[in-house]
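> The primary structure of each chain is shown beneath.
Protein chains: 2
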Amino acid sequence: MININGSTVRIGQFGVGPIGLESIRLVAKKPWAQVVGAVDVDPEKIGRSLGELTGLEELKDRFVYGSFEELWEETEPQAILHTAGSSAETSISQIAPMARHGLAIASSCEQLLYPELRAPESSHRLDVLCKRHGARVVGAGVNPGFVMDVLPVCLSGVTTNVRGVFVERVVNASTRRGPLQRKIGSGMDPEEFRQLFAAGAAGHAGFRESAALIAHCLGWPIDEMVETCEPVIAKSVIVTEHFDVPPGKTCGLHQRVVVKSDGEQRIELDLKMYLDAEDPHDAVRVDGDPPIEAIVKGGVAGDQATVAAIVNSVPRLLRSSPGLLLMTDLPVPSWA
Amino acid sequence: MININGSTVRIGQFGVGPIGLESIRLVAKKPWAQVVGAVDVDPEKIGRSLGELTGLEELKDRFVYGSFEELWEETEPQAILHTAGSSAETSISQIAPMARHGLAIASSCEQLLYPELRAPESSHRLDVLCKRHGARVVGAGVNPGFVMDVLPVCLSGVTTNVRGVFVERVVNASTRRGPLQRKIGSGMDPEEFRQLFAAGAAGHAGFRESAALIAHCLGWPIDEMVETCEPVIAKSVIVTEHFDVPPGKTCGLHQRVVVKSDGEQRIELDLKMYLDAEDPHDAVRVDGDPPIEAIVKGGVAGDQATVAAIVNSVPRLLRSSPGLLLMTDLPVPSWA
Chain A
152 MININGSTVR IGQFGVGPIG LESIRLVAKK PWAQVVGAVD VDPEKIGRSL GELTGLEELK
212 DRFVYGSFEE LWEETEPQAI LHTAGSSAET SISQIAPMAR HGLAIASSCE QLLYPELRAP
272 ESSHRLDVLC KRHGARVVGA GVNPGFVMDV LPVCLSGVTT NVRGVFVERV VNASTRRGPL
332 QRKIGSGMDP EEFRQLFAAG AAGHAGFRES AALIAHCLGW PIDEMVETCE PVIAKSVIVT
392 EHFDVPPGKT CGLHQRVVVK SDGEQRIELD LKMYLDAEDP HDAVRVDGDP PIEAIVKGGV
452 AGDQATVAAI VNSVPRLLRS SPGLLLMTDL PVPSWA
Chain B
152 MININGSTVR IGQFGVGPIG LESIRLVAKK PWAQVVGAVD VDPEKIGRSL GELTGLEELK
212 DRFVYGSFEE LWEETEPQAI LHTAGSSAET SISQIAPMAR HGLAIASSCE QLLYPELRAP
272 ESSHRLDVLC KRHGARVVGA GVNPGFVMDV LPVCLSGVTT NVRGVFVERV VNASTRRGPL
332 QRKIGSGMDP EEFRQLFAAG AAGHAGFRES AALIAHCLGW PIDEMVETCE PVIAKSVIVT
392 EHFDVPPGKT CGLHQRVVVK SDGEQRIELD LKMYLDAEDP HDAVRVDGDP PIEAIVKGGV
452 AGDQATVAAI VNSVPRLLRS SPGLLLMTDL PVPSWA
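Line by line, the protein sequences are chains A and B.
Here my numbering is used: position 143 in the first sequence is 294, and no number is missing along the way.
Here my numbering is used: position 147 in the second sequence is 298, and no number is missing along the way.
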């Protein structure tokens, strides 16, 4: 609920998939923001009104453009919500033109949570570009972006001699959208899922980034980072809105990432995301003096939370110094 | 574990009570910091070596001075840990001379968590002074400073349409120091405790500040803030290291603060702190879409956590813009 210099922030949406549309709906409700338009590559969407796409009458005169340049020419946004994929390299190439106009960009791109990990050179160039043009970029979200990285870092602030960080997250994927159920391998032959994960085409994106962000904040050099992912196998038939999974087939994943630093296992992130998972929750343990153990009942999950994390970051991003930033460079998260 | 410009931060300690001594011990272990000296008004402490007072041999050539001016003349600190009382007015008068030298000051003063509440004019003057001289001041701690304010604000970052924030904290005071056991009324006649609380001489300090910080971050104007405190009465004899409490006498407190905004009850903080309390914990509920509910098992408590919160804030404070700052103006807390 922050008033930015007394006027509303002009926000553009880059990517008009389900998350992009939810972002637009949320921004439309914010007194500090206004939606000025959107960008998508889908010819079916270009030229259509956001009123029509979102069902919000007040957006009938806001449109989808085929490129950022057109959006810029027509609407001059001050901030962009970027929800267009998981790859840092691709996102950076999409974001660079926005940075040249000095905009603030909050992105759901999982790899942008800690861009140096997979795109060190492009990240450096984008950071320089941001600083030159007064632009700000941050990767935001719930996971990655909060429960398995920012929250444990935050809890480490009230302890000392931190020796390890452990996070366990269990998500009941039955309550999530079709694309997420597909990403976790629903209905697949277990061997096929393993091969897809090995090829980088399935699994939870941004897991290594969560671990790298924690290591960065706690000053732990990464000697070794090992990520594994095993399919969870359906024991009986599972029926969701999107998939029917017979017994013996994949109904989700169990993904882990472990980081060693200075010869010790310091970070362990454990994610179970499968259909009909019982007791969904997020559990964080910071092994320090004193030890801290926190549980988020039910876990933080769902598109509403994801979109909230991205939109809520905008006012803090606008108050930060220019650059390609980390969530932990921004002030404490808060509802905005 | 942050390296500040490649050299260690020269830290002075203002106030050499039990918390001050713990601060010094913690700073002495930090690779990014060094203890340069301390200040206290107690003639018994002035001139003594911090090696002697802390038991740390490496501090034998660091001393307690009778005033900040002497500490400054002799040691030129860059940052000060201020642990010398709960009153914003008193703390601000002690901190102003430090701000004139452009230092970074992290204070345990409870009222400095949200100084505008009780000392609006002095706060404004200190903020101007900080900006003029490049100084930074923040009030830090566990409670106030984290579990009942910063943590719920942080959790609000992954939700939206926030309608209310509720925090319940239960502390087993039997595990805490004598002064804290005294502050919560241990052994007192219940009526005497009520009178002392009404006179501002007993109870948990900084509770209103926690509520005001939440309201500030969530953009809720405060229509009404009501704070109450009732003694918890011992049912049978309670024996601790510091107090023997007979049945019928006070063994702790149940303090509440409730904030109404725009006609709705928005914030409710509930603190039970008493001897032999069972199931100590911190529970945070953010009533938004989605709702978020988190439990810190056992609760975050104890001098180690308090001192950690203060010392850990220093690197973030040094990276922030000058001013009298709030914890929520600083980047996400983290172990440093």
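FYI, nobody ran anything at the bench for these hints, they're computed from the structure.
There could be a bad hint or two in this list.
Identical chains blur together in the list; that is why a pair holds if it fits in one copy or across any two.
As the list claims (entries may be wrong) - Here are the simulated DMTMM-like pairs of lysine to aspartate or glutamate, each with C-alpha atoms no more than 25 Å apart in a straight line: (1) 448 - 438; (2) 181 - 413; (3) 411 - 480; (4) 386 - 375; (5) 411 - 278; (6) 386 - 319; (7) 386 - 427; (8) 386 - 343; (9) 196 - 220; (10) 386 - 480; (11) 180 - 415; (12) 180 - 374; (13) 211 - 173; (14) 181 - 438; (15) 386 - 224; (16) 181 - 415; (17) 196 - 480; (18) 448 - 209; (19) 448 - 319; (20) 180 - 440; (21) 196 - 208; (22) 448 - 419; (23) 181 - 440.
> Take the hints in turn and mark each one as holding or not.
Here is what the structure says about each hint:
1. 448 - 438: Result: close both inside a copy and across copies, 21 Å intra and 13 Å inter.
2. 181 - 413: between (46 Å within a copy, 17 Å between copies)
3. 411 - 480: within (24 Å within a copy, 32 Å between copies)
4. 386 - 375: neither (35 Å within a copy, 55 Å between copies)
5. 411 - 278: So residue 411 and residue 278 fail the 25 Å test inside a copy (28 Å) and across (43 Å) alike.
6. 386 - 319: within (22 Å within a copy, 40 Å between copies)
7. 386 - 427: Within. Shortest intra-copy distance 11 Å satisfies the 25 Å Cα cut-off; inter-copy 47 Å does not.
8. 386 - 343: within (18 Å within a copy, 64 Å between copies)
9. 196 - 220: Answer is within; shortest intra-copy Cα gap is 17 Å, inter-copy 68 Å.
10. 386 - 480: Result: close neither inside a copy nor across copies, 44 Å intra and 49 Å inter.
11. 180 - 415: Classified as between: cross-chain Cα gap 20 Å, same-chain 47 Å, threshold 25 Å.
12. 180 - 374: Cα proximity of residue 180 and residue 374: across copies only (24 Å, versus 46 Å in one copy).
13. 211 - 173: Within one copy only: 16 Å inside, 61 Å across.
14. 181 - 438: Between copies only: 18 Å across chains, 39 Å inside a chain, cut-off 25 Å.
15. 386 - 224: neither (55 Å within a copy, 74 Å between copies)
16. 181 - 415: between (46 Å within a copy, 20 Å between copies)
17. 196 - 480: Classified as neither; 35 Å inside a copy, 40 Å across copies.
18. 448 - 209: Neither, since 36 Å and 46 Å both go past 25 Å.
19. 448 - 319: Both: 12 Å inside a chain and 15 Å across chains, each within 25 Å.
20. 180 - 440: between (43 Å within a copy, 13 Å between copies)
21. 196 - 208: within (17 Å within a copy, 71 Å between copies)
22. 448 - 419: Classified as both: same-chain Cα gap 20 Å, cross-chain 20 Å, threshold 25 Å.
23. 181 - 440: This pair counts as between: shortest inter-copy Cα distance 14 Å, intra-copy 41 Å.
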